[in-house]
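Asker: Residue-level listing of the chains:
2 protein chains.
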Amino acid sequence: MTIQNWDKRLGVYLVMDIGDVNGQSALAIAQAAIAGGVDVIQLREKKAPLHDVIETGRKLCKLCRDHGVLFIVNDRVDVALLLEADGVHVGQDDLPADEARRLVGTDMFIGVSASSMEEAQRALEQGADYLGVGAIYATNSKSDAGDPVTPQLIADIRAITSVPLVGIGGITVDNCTDVMEHGADGVAVISAIVGAPDPKAAAALLKRRIAAYI
Amino acid sequence: MTIQNWDKRLGVYLVMDIGDVNGQSALAIAQAAIAGGVDVIQLREKKAPLHDVIETGRKLCKLCRDHGVLFIVNDRVDVALLLEADGVHVGQDDLPADEARRLVGTDMFIGVSASSMEEAQRALEQGADYLGVGAIYATNSKSDAGDPVTPQLIADIRAITSVPLVGIGGITVDNCTDVMEHGADGVAVISAIVGAPDPKAAAALLKRRIAAYI
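Residue numbers (numbering that gives the first Met the number 0), protein chains in the order written: chain A, 0 to 213; chain B, 0 to 213.
Think of the hints as simulated: they come from the structure by calculation, not from any bench.
It is possible that part of the hints are untrue.
Identical chains blur together in the list; that is why a pair holds if it fits in one copy or across any two.
The calculated lysine to aspartate or glutamate pairs, modelled on EDC-like cross-linking and capped at a C-alpha distance of 20 Å, are [said to hold, decoys possible]:
1) LYS58 / ASP97
2) LYS61 / GLU98
3) LYS58 / GLU98
4) LYS46 / GLU98
5) LYS199 / ASP173
6) LYS46 / ASP92
7) LYS199 / ASP65
8) LYS7 / ASP65
9) LYS61 / ASP16
10) LYS61 / GLU83
11) LYS58 / ASP16
12) LYS45 / ASP92
13) LYS206 / GLU180
14) LYS199 / ASP19
Same shape as in the complex, but just chain A (with noise of 0.2 Å):
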């Protein structure tokens, strides 16, 4: 799949960076999560080389491309574009969306980060494709994340549009219907999956509970 035919379904959303987990490679990480059926893996690595994030990167765009699953860059539009990534995704610090917009075109769709109705109003403004809200609950993934949001914000901003939203920060097969039934699109993840002692059974899992939401 790519951004000329998505569509519109964000359902299991993997965030992993570069590294091993567990012993294992973030190629074999990708691997097993697609084989457990996630729709969407989107690569943030924040410290890494970027020759190391370029030449790993293009191995999981390839694995992506020819499973059918959507390739999202976090943060950095130019590794976005020398990958050709399906999308990227910005925060409230990264590249403004339309700003963002502008290098991209309409060739790769834009995610942004919304922790309020205010960051969501103006990711939409600017021309947002889906919107990833959160933190919904606390998480020790991500140490900026501020305090959680609880499912009620998806709903709150459901009401104003209908551009996907995907929920994420803290949330696990318990949780993640609850999520859903708040209104949004998909789930995502980095330690449900990532840290998971066997990553394709727990992406099937959640793939499997937000199944009715999709």
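Once you have looked at the hints, place chain B on chain A.
Answerer: For chain B alone, kept in the frame of chain A given last:
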């Protein structure tokens, strides 16, 4: 001046961020430095939100353009493209020069940081238009600058290439001529101008000291 009529002179090369220093705004510091005669301004901002970087960066870029000063953006090729900078400068952990070239084409020049012959050779192979060589002397301005390389590295690199070389790291009015005598085409400074009581006077003195070498 832009890359189309760049005379390959680097001269006094100011590296700065968008923050206030000693009660002076970045724009005021840049204005003073330009009045003092700087040839190049590189915007190197690692912390501020990108919407602020874009906003101040556009003003800095216009100021440089109006005064025939080259304007270069550090690290972020996406920001360099948005600001329509003259060039982008990449470190060893940033995008490699050949990847950056795929994004900027020949509209923008690409500088690369090198702290060894190996790094210099690789940067030249990857199409660097100039090299930033250092840290020449010990510096407090860049926490990851590594051990000083001494001005001899400039002479060593000078022997293998004719691309412009700018020394960086701990350069002051007292040691700048030594850097130039080893074959540099310019001296890059942060605190020697930004941290000076009178940035204009500091820039002018540096300019006078290196005038005989360019």
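Asker: Indicate, hint by hint, whether the structure satisfies it.
Answerer: Results for each hint:
no., hint, in the structure
1, LYS58 / ASP97, "between (29 Å within a copy, 19 Å between copies)"
2, LYS61 / GLU98, "between (27 Å within a copy, 18 Å between copies)"
3, LYS58 / GLU98, "between (27 Å within a copy, 16 Å between copies)"
4, LYS46 / GLU98, "between (24 Å within a copy, 19 Å between copies)"
5, LYS199 / ASP173, "within (17 Å within a copy, 62 Å between copies)"
6, LYS46 / ASP92, "both (16 Å within a copy, 9 Å between copies)"
7, LYS199 / ASP65, "within (17 Å within a copy, 57 Å between copies)"
8, LYS7 / ASP65, "within (19 Å within a copy, 46 Å between copies)"
9, LYS61 / ASP16, "within (16 Å within a copy, 37 Å between copies)"
10, LYS61 / GLU83, "within (10 Å within a copy, 31 Å between copies)"
11, LYS58 / ASP16, "within (13 Å within a copy, 35 Å between copies)"
12, LYS45 / ASP92, "both (13 Å within a copy, 12 Å between copies)"
13, LYS206 / GLU180, "within (15 Å within a copy, 66 Å between copies)"
14, LYS199 / ASP19, "within (16 Å within a copy, 50 Å between copies)"
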